[in-house]
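The residues making up each chain are set out below.
There are 2 protein chains.
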Amino acid sequence: MELDEFEIPKTHPRYWSLVIREKLVRGFRKGIVVPQGLIAHGRGECFDYLIGERTQEPALEAIRAAAAALLLAERPVISVNGNVAALVPKEVVELSRLVNAKIEVNLFYRSKEREYLIAELLKSYGASEVLGVGEDASAVIPELMSERRRVSPRGILIADTVLIPLEDGDRAEALKKMGKFIIAIDLNPLSRTARVADITIVDNIVRAMPKLIEEVRNLKKCPREHLKSILQNYDNDAVLRKMLQIIVRNLEELARRGVTISLPK
Amino acid sequence: MELDEFEIPKTHPRYWSLVIREKLVRGFRKGIVVPQGLIAHGRGECFDYLIGERTQEPALEAIRAAAAALLLAERPVISVNGNVAALVPKEVVELSRLVNAKIEVNLFYRSKEREYLIAELLKSYGASEVLGVGEDASAVIPELMSERRRVSPRGILIADTVLIPLEDGDRAEALKKMGKFIIAIDLNPLSRTARVADITIVDNIVRAMPKLIEEVRNLKKCPREHLKSILQNYDNDAVLRKMLQIIVRNLEELARRGVTISLPK
Numbered sequence: 379m380e381l382d383e384f385e386i387p388k389t390h391p392r393y394w395s396l397v398i399r400e401k402l403v404r405g406f407r408k409g410i411v412v413p414q415g416l417i418a419h420g421r422g423e424c425f426d427y428l429i430g431e432r433t434q435e436p437a438l439e440a441i442r443a444a445a446a447a448l449l450l451a452e453r454p455v456i457s458v459n460g461n462v463a464a465l466v467p468k469e470v471v472e473l474s475r476l477v478n479a480k481i482e483v484n485l486f487y488r489s490k491e492r493e494y495l496i497a498e499l500l501k502s503y504g505a506s507e508v509l510g511v512g513e514d515a516s517a518v519i520p521e522l523m524s525e526r527r528r529v530s531p532r533g534i535l536i537a538d539t540v541l542i543p544l545e546d547g548d549r550a551e552a553l554k555k556m557g558k559f560i561i562a563i564d565l566n567p568l569s570r571t572a573r574v575a576d577i578t579i580v581d582n583i584v585r586a587m588p589k590l591i592e593e594v595r596n597l598k599k600c601p602r603e604h605l606k607s608i609l610q611n612y613d614n615d616a617v618l619r620k621m622l623q624i625i626v627r628n629l630e631e632l633a634r635r636g637v638t639i640s641l642p643k
Numbered sequence: 379m380e381l382d383e384f385e386i387p388k389t390h391p392r393y394w395s396l397v398i399r400e401k402l403v404r405g406f407r408k409g410i411v412v413p414q415g416l417i418a419h420g421r422g423e424c425f426d427y428l429i430g431e432r433t434q435e436p437a438l439e440a441i442r443a444a445a446a447a448l449l450l451a452e453r454p455v456i457s458v459n460g461n462v463a464a465l466v467p468k469e470v471v472e473l474s475r476l477v478n479a480k481i482e483v484n485l486f487y488r489s490k491e492r493e494y495l496i497a498e499l500l501k502s503y504g505a506s507e508v509l510g511v512g513e514d515a516s517a518v519i520p521e522l523m524s525e526r527r528r529v530s531p532r533g534i535l536i537a538d539t540v541l542i543p544l545e546d547g548d549r550a551e552a553l554k555k556m557g558k559f560i561i562a563i564d565l566n567p568l569s570r571t572a573r574v575a576d577i578t579i580v581d582n583i584v585r586a587m588p589k590l591i592e593e594v595r596n597l598k599k600c601p602r603e604h605l606k607s608i609l610q611n612y613d614n615d616a617v618l619r620k621m622l623q624i625i626v627r628n629l630e631e632l633a634r635r636g637v638t639i640s641l642p643k
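Chains as they are written, first to last, in the numbering used here: chain W, 379 to 643; chain V, 379 to 643.
Derived from the structure by calculation, the hints contain no laboratory data. Bear in mind the structure is a predicted one, so any value in this text is a computation, not a measurement. Yeah, the Cβ is synthetic: ideal placement off N, Cα and C, and Gly gets one too. Treat each hint with caution, since some may be false.
Residues from chain W that keep clear of chain V, each with C-beta distances beyond 12 Å, as calculated [to be verified]:
| id | residue |
| --- | --- |
| 1 | Arg-432 |
| 2 | Glu-439 |
| 3 | Leu-450 |
| 4 | Ala-451 |
| 5 | Leu-476 |
| 6 | Ile-536 |
| 7 | Arg-585 |
| 8 | Leu-597 |
| 9 | Lys-599 |
| 10 | Pro-601 |
| 11 | Leu-605 |
| 12 | Ile-608 |
Computed footprint of chain W on chain V; a stretch qualifies when at least three of its residues, placed anywhere within it, have a C-beta under 8 Å from a C-beta of chain W [stated by the list, open to error]:
| id | region |
| --- | --- |
| 13 | 398-405 |
| 14 | 418-431 |
| 15 | 621-634 |
Among the chain V residues that face chain W by a calculated CB cut under 10 Å, a handful are [what the hints assert, rightly or not]:
| id | residue |
| --- | --- |
| 16 | Pro-413 |
| 17 | Gln-414 |
| 18 | Gly-415 |
| 19 | Asn-566 |
| 20 | Pro-567 |
| 21 | Leu-568 |
| 22 | Leu-618 |
Using the sequences and the hints given, assemble the complete structure.
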């Protein structure tokens with residue numbers, strides 16, 4: 379992520395936010411991201427601002443539990459949509475290798491072309507196999523209508539644990555009803571996805587994924603009993619509550635100090 | 379805004395939000411809205427959710443003061459960007475007629491083609507003249523760099539009062555330094571635009587514009603002295619503080635009740 383690459387001055391007060399946005403706009407121009415994905419990203423920016431644009435302590439707790447859950451899983455799958463592919467393709471591939479997870483393309487607005495583009499992008503970062511593309515998405519999630527219910531019979535259908543970054547609430551609920559253990563990455567601690575997940579990482583995906591990878595590396599050599607105890611002691615409701623408290627406190631603090639929330643246009 | 383027009387069921391719990399989004403995506407496909415405008419809209423959706431998706435009392439206060447200010451102005455201008463044109467073209471034209479305001483296209487990402495498209499759209503809704511298009515944007519706002527500083531010598535340059543819906547913070551500050559009386563419509567009560575404006579309507583533009591038009595009609599026959607007293611008694615800082623309190627209260631309430639903030643994907 380170089381200065382020249384995005385032509386954004388590194389001194390800009392909102393440098394990172396602008397770089398992330400630029401990545402998404404580029405993904406959009408390549409046909410990987412849909413217009414609705416840009417709108418969803420804007421919403422994320424707002425929540426990111428409210429949580430202070432850094433990985434908060436409760437998010438670190440969730441990341442630790444997520445790392446343990448992925449390492450304990452028998453058949454973990456990482457679900458990838460357009461925004462995820464545009465923002466963290468390298469990290470998705472790296473994580474999938476570390477925990478032996480399958481990668482599955484999972485689009486809210488499904489099109490064969492976009493599936494292939496995303497698969498190609500992930501393969502260019504070293505993914506050996508990408509599920510959920512074309513004919514592979516031949517199984518269906520019960521409860522869901524339309525193309526959104528299509529999943530791979532070798533991936534999400536038989537997975538025990540699914541990492542769903544930036545996922546839709548309907549789909550998250552349907553996966554839960556199928557009995558999956560769900561790890562969400564979602565900036566809105568009050569979203570349905572955040573509430574239905576077993577572990578919710580309330581953080582920006584561009585910060586959370588590298589930290590999740592780091593935590594997996596840390597825990598990889600631990601005995602399974604230790605990983606299980608991390609999961610047993612994890613309380614997702616408490617984590618969500620704490621994240622919400624952080625947002626409320628940030629707003630109160632900003633209001634008290636008369637500070638401006640300056641978001642780039 | 380019919381059911382058939384957008385193919386969204388009127389029973390959908392987030393019907394209005396989806397309709398607004400669809401208008402923007404259509405504006406985007408027509409070349410009126412830029413990708414960055416979609417991201418900015420997503421951010422707005424988040425703040426709209428936090429203010430409760432309705433026009434709150436402090437916003438009504440601001441709308442009343444804005445109506446008075448526009449009626450008192452000698453040379454009012456309504457500044458229009460891509461998102462404004464996509465969302466409230468009819469209302470922009472109607473308001474400009476009621477208060478004798480000029481309409482000026484003012485793009486953060488300026489292109490001649492987009493200027494013309496927006497002017498044509500506004501003319502299709504009955505605008506007799508649209509400034510800031512092509513050669514007309516020949517004057518510059520001091521302090522600002524690049525194409526973003528271009529304004530019309532017959533519009534914003536000589537205006538006393540400028541209505542800036544959904545405006546960038548840099549530009550809002552520059553206009554203020556030029557001595558303009560600024561009325562902003564902005565869903566983020568902590569933005570630089572919100573803080574630098576003389577009157578800040580913290581509300582969704584699709585709700586605020588019809589209410590502003592209604593208020594102008596109500597006040598149109600009042601004596602100037604009455605309008606002046608409305609303005610003198612208006613306290614923008616207090617309004618911003620109250621809006622922020624509403625956001626904090628909403629978040630606390632949502633957290634307490636365990637309610638989900640369910641935003642459409």
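Do the hints match the structure? See the list:
1. No beta-carbon of chain V is positioned within 12 Å of the beta-carbon of Arg-432(W); the least distance is around 18 Å.
2. No beta-carbon of chain V comes within 12 Å of the beta-carbon of Glu-439(W); the shortest separation is about 18 Å.
3. No beta-carbon of chain V comes within 12 Å of the beta-carbon of Leu-450(W); the shortest separation is about 28 Å.
4. Chain V leaves Ala-451(W) outside its interface by the beta-carbon criterion, the shortest separation being 26 Å against a cut-off of 12 Å.
5. For Leu-476(W), the shortest C-beta to C-beta distance to chain V comes to about 28 Å, beyond the 12 Å cut-off, and the non-interface label holds.
6. Residue placement check: Ile-536(W) keeps its beta carbon more than 12 Å from all beta carbons of chain V (closest about 25 Å).
7. With 12 Å as the threshold on Cβ separation, the claim that Arg-585(W) sits away from chain V holds: the shortest Cβ distance comes to roughly 18 Å.
8. Under the 12 Å C-beta cut-off, the non-interface status given to Leu-597(W) relative to chain V holds; the minimum distance is some 31 Å.
9. Every C-beta of chain V lies more than 12 Å from that of Lys-599(W), the closest at about 38 Å, which supports listing it as non-interface.
10. Taking the minimum C-beta to C-beta distance to chain V, about 36 Å, the non-interface status of Pro-601(W) holds against the 12 Å cut.
11. Leu-605(W), annotated as away from the interface, keeps every beta carbon of chain V farther than 12 Å; the closest lies near 29 Å.
12. Every beta carbon of chain V lies more than 12 Å from that of Ile-608(W), the smallest distance being close to 26 Å; the non-interface claim holds.
13. Counting residues of the region 398-405 of chain V whose CB lies closer than 8 Å to any CB of chain W gives 3, which reaches the minimum of 3, so the coverage claim holds.
14. Note: the region 418-431 of chain V has 8 residues with beta-carbon separation from chain W under 8 Å; the three-residue rule is met and the coverage holds.
15. Chain W is given as covering the region 621-634 of chain V, and this holds because 8 residues of the stretch bring a CB closer than 8 Å to a CB of that chain, at least three being needed.
16. With its C-beta approaching chain W no nearer than about 5 Å, Pro-413(V) sits inside the 10 Å limit, and its interface hint holds.
17. Evaluation of the Gln-414(V) hint against chain W yields a held restraint, the C-beta minimum of about 7 Å falling below 10 Å.
18. A least Cβ separation of about 9 Å between Gly-415(V) and chain W falls short of the 10 Å threshold, and the interface hint therefore holds.
19. The beta carbon of Asn-566(V) comes within 6 Å of a beta carbon in chain W, closer than 10 Å, and the hint placing it at the interface holds.
20. Here the hint on Pro-567(V) is kept, as its CB sits about 8 Å from the closest CB of chain W, short of 10 Å.
21. Satisfaction of the interface hint for Leu-568(V) is found here, the shortest Cβ-Cβ separation to chain W being roughly 4 Å, below the 10 Å cut-off.
22. Below 10 Å, beta-carbon pairs count as interface contacts, and Leu-618(V) has one with chain W at about 9 Å; its hint therefore holds.
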